[in-house]
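J.: Here is how the chains run, residue by residue.
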Amino acid sequence: MKIAVCVKQVPDSWAEKKMVNGVLDREGVDAVLNDLDEYAVEEALRIVEAHGGNEEGGANSVTIVSMGPERATEAIRKALSMGANDAILVSDVALAGSDALATSKVLAEVIKNGGFDLVICGTESTDARMSVVPAMLAQRLGWAQLTFASIVSVDPAANTVSITRTTEAGVDAINAKLPAVVSVVEKINEPRYPSFKGIMAAKKKTIDSRDLASVGVSAESAWSLVADSAPRPPRAAGVKVTDEGNGGNDLVKFLTEKKFI
Amino acid sequence: MSQIFILADFAGDKSTKTTAELATAAARNGSVTAIVLAAPGAGAILAATVKHGPIANVLVVESADFATHGVAAAADAISQIIAQKSPSAILIASHAYGKEVAGRVAVATDSGIITDAVDVAADLTATQLVFGGSTTVHSKVSNGVPIITVRPNSIEADLSDSSPAVENLSLTISDAAKLATTTSSTPPVKGGRPELTEAQVVVSGGRGTNGDFSAVEGFADSLGAAVGASRAATDAGWYPHSHQVGQTGKTVSPQLYVACGISGAIQHRAGMQTSKTIAVVNKDPEAPIFDLADFGVVGDLFAVLPQATQGVTAQKS
Ligand SMILES: Cc1cc2nc3c(=O)[nH]c(=O)nc-3n(C[C@H](O)[C@H](O)[C@H](O)COP(=O)(O)OP(=O)(O)OC[C@H]3O[C@@H](n4cnc5c(N)ncnc54)[C@H](O)[C@@H]3O)c2cc1C
Chain A
1 MKIAVCVKQV PDSWAEKKMV NGVLDREGVD AVLNDLDEYA VEEALRIVEA HGGNEEGGAN
61 SVTIVSMGPE RATEAIRKAL SMGANDAILV SDVALAGSDA LATSKVLAEV IKNGGFDLVI
121 CGTESTDARM SVVPAMLAQR LGWAQLTFAS IVSVDPAANT VSITRTTEAG VDAINAKLPA
181 VVSVVEKINE PRYPSFKGIM AAKKKTIDSR DLASVGVSAE SAWSLVADSA PRPPRAAGVK
241 VTDEGNGGND LVKFLTEKKF I
Chain B
1001 MSQIFILADF AGDKSTKTTA ELATAAARNG SVTAIVLAAP GAGAILAATV KHGPIANVLV
1061 VESADFATHG VAAAADAISQ IIAQKSPSAI LIASHAYGKE VAGRVAVATD SGIITDAVDV
1121 AADLTATQLV FGGSTTVHSK VSNGVPIITV RPNSIEADLS DSSPAVENLS LTISDAAKLA
1181 TTTSSTPPVK GGRPELTEAQ VVVSGGRGTN GDFSAVEGFA DSLGAAVGAS RAATDAGWYP
1241 HSHQVGQTGK TVSPQLYVAC GISGAIQHRA GMQTSKTIAV VNKDPEAPIF DLADFGVVGD
1301 LFAVLPQATQ GVTAQKS
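Residue numbers (this note's numbering), protein chains in the order written: chain A, 1 to 261; chain B, 1001 to 1317.
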């Protein structure tokens, strides 16, 4: 079983983000592994561990696939230190400011040629929050889409994968033949902390850096163009009262003034 | 006049208010056709509920594949409709299912996509609030048929009745859209309260409820509000996951959001900070949620909420 896990380096959730020339300014902020992708790495590791592990040279492996600037290697090292085998990073100046369509195109091309049985993604990146890349990947690859999984089970003998899909629309049981694209929700597992041994081992693991030419796709400009962006005025400071026996009534007074009652 | 399509949004076999919101935005651009994807034999029942908002036509496609092959089958049908009818754009509700359908349609039709719009202008410029609502962005699709997903409850819906002409269209879902099979579906448990993403008022409880949501529910009911929860509360099993507000739950944008016993973690804020008015009840004066509050009460929710519930009820009677 060869699993690809798609990860993204994103600005730290707490970092103040701003737009420069219509795209997110990624230079000035601390960057981390998208935390929702950690669940995808963890799930991939659990799947291979349930089927004999991912020792070097064995039948199973977990490969991290990412698109981003060179410095995304920091986020990739974290995924490697959790226990993934190796990584592919597509990095090219022509990709700066890519949208989900371009991202999915590049990732699909890498995955298509990598001999993978299964792709696992997080449900969204904490910066763009579009939540469409896994579905786009499935469409581009022509593979089954099993997304928003809160449970995943793989049967290598039958060559199938089954998930429990958990969304606001309810809970569905879905299955498919491999190859498939799976995305996992954060309720699925508790990602492991990299061990010291894992961190040391990750330093020696291969990150295969590729540019667009070697992936074999051409850069495309984004198909949605930002006309303008502006910081919204900060919320005006509100009123804060301390309950000394009348807090509930104070709240009602506020709601009445605002015509909510 | 240009023809613009929306994907009608349903809860069970009833069209939601979101459908009317999509129609309201779409009608600024052209004459609105609502697509209804239905199980065989169910099209007429669903279509009959698509009657609020400026909708000129309803296009019904019936196929058993929509239930068994989910997102992929829906996207396949919509892509075929786009190829046949060349609409000026397609508007879809911005929830997990809607965004995934939109993503696949964008790939299949070589079109640009914008998600999570809170407004769409006549020239199809979309407004988005990004970075946790701190920045407003205006953007436009520059390629293909614009695919735009619109957040429920962001556009004031024209709810007036319309009597659209109904057309049935028969399509064959392609084999490539049938690779994943849904073997069972359990819809979320519906209570008597308004739907979270559609509600005008949301009252949410967090770890501060200590598992007892009665005060939160009582206050919510006095205001006719939906009930939300933080992840701490859903993880503990105190409230169903379908009520979770935040990054990995629902994004809500009501007129009024009341956060009770919720600290205001960044992941919770991500789901509620575009609410028009925010009120907070929390016993820790330093809780970060107070930074967002238009009105905050530092106090015990088990004292403040019952008193407030009584106050609201007294005023209403
Ligand atoms: C990947 C990821 C995704 C996440 N997604 C989400 C998400 O979608 N939604 C979400 O909410 N969180 C999410 N979280 C979790 C988030 O980080 C916080 O842990 C969570 O929001 C905390 O919930 P809380 O505010 O209820 O609990 P706490 O942070 O424990 O806060 C409880 C608050 O209640 C107050 N309190 C206690 N007792 C009382 C009382 N009697 N009266 C009044 N106030 C009282 C306390 O002062 C405190 O401020 C996510 C985290 C991760 C890592």
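Worth flagging that the hints you see were computed from the coordinates, not collected in a lab. Even for Gly, the Cβ is constructed at its ideal location relative to N, Cα and C. One or more hints might be untrue.
Pair by pair, the computed Cβ-Cβ distance ranges are [what the hints assert, rightly or not]:
#1 B/I1045 / A/T242: 33 to 43 Å
#2 B/K1276 / A/T242: 39 to 49 Å
#3 B/A1011 / A/D228: 44 to 54 Å
#4 A/N246 / B/G1237: 33 to 43 Å
#5 A/G198 / B/I1045: 34 to 44 Å
#6 B/G1041 / A/E74: 50 to 60 Å
J.: Please test the hint of 39 to 49 Å on the beta carbon pair from B/K1276 and A/T242.
T.: violated, 25 Å
J.: Quick check on a hinted range of 33 to 43 Å for B/I1045 and A/T242, using CB atoms only.
T.: violated, 54 Å
J.: Does the Cβ distance between A/N246 and B/G1237 fall inside 33 to 43 Å?
T.: holds, 34 Å
J.: Could you say whether the range 50 to 60 Å given as a hint is met by the Cβ separation of B/G1041 and A/E74?
T.: holds, 55 Å
J.: Holds or violated: the 44 to 54 Å window for the beta-carbon distance between B/A1011 and A/D228?
T.: violated, 36 Å
J.: A range of 34 to 44 Å was offered for this pair. Does it hold for the Cβ distance of A/G198 and B/I1045?
T.: For B/I1045 against A/G198, whose Cβ atoms are near 56 Å apart, the range 34 to 44 Å is violated.
In terms of the numbered hints stated before, the structure departs from hints 1, 2, 3 and 5, listed from lowest to highest.
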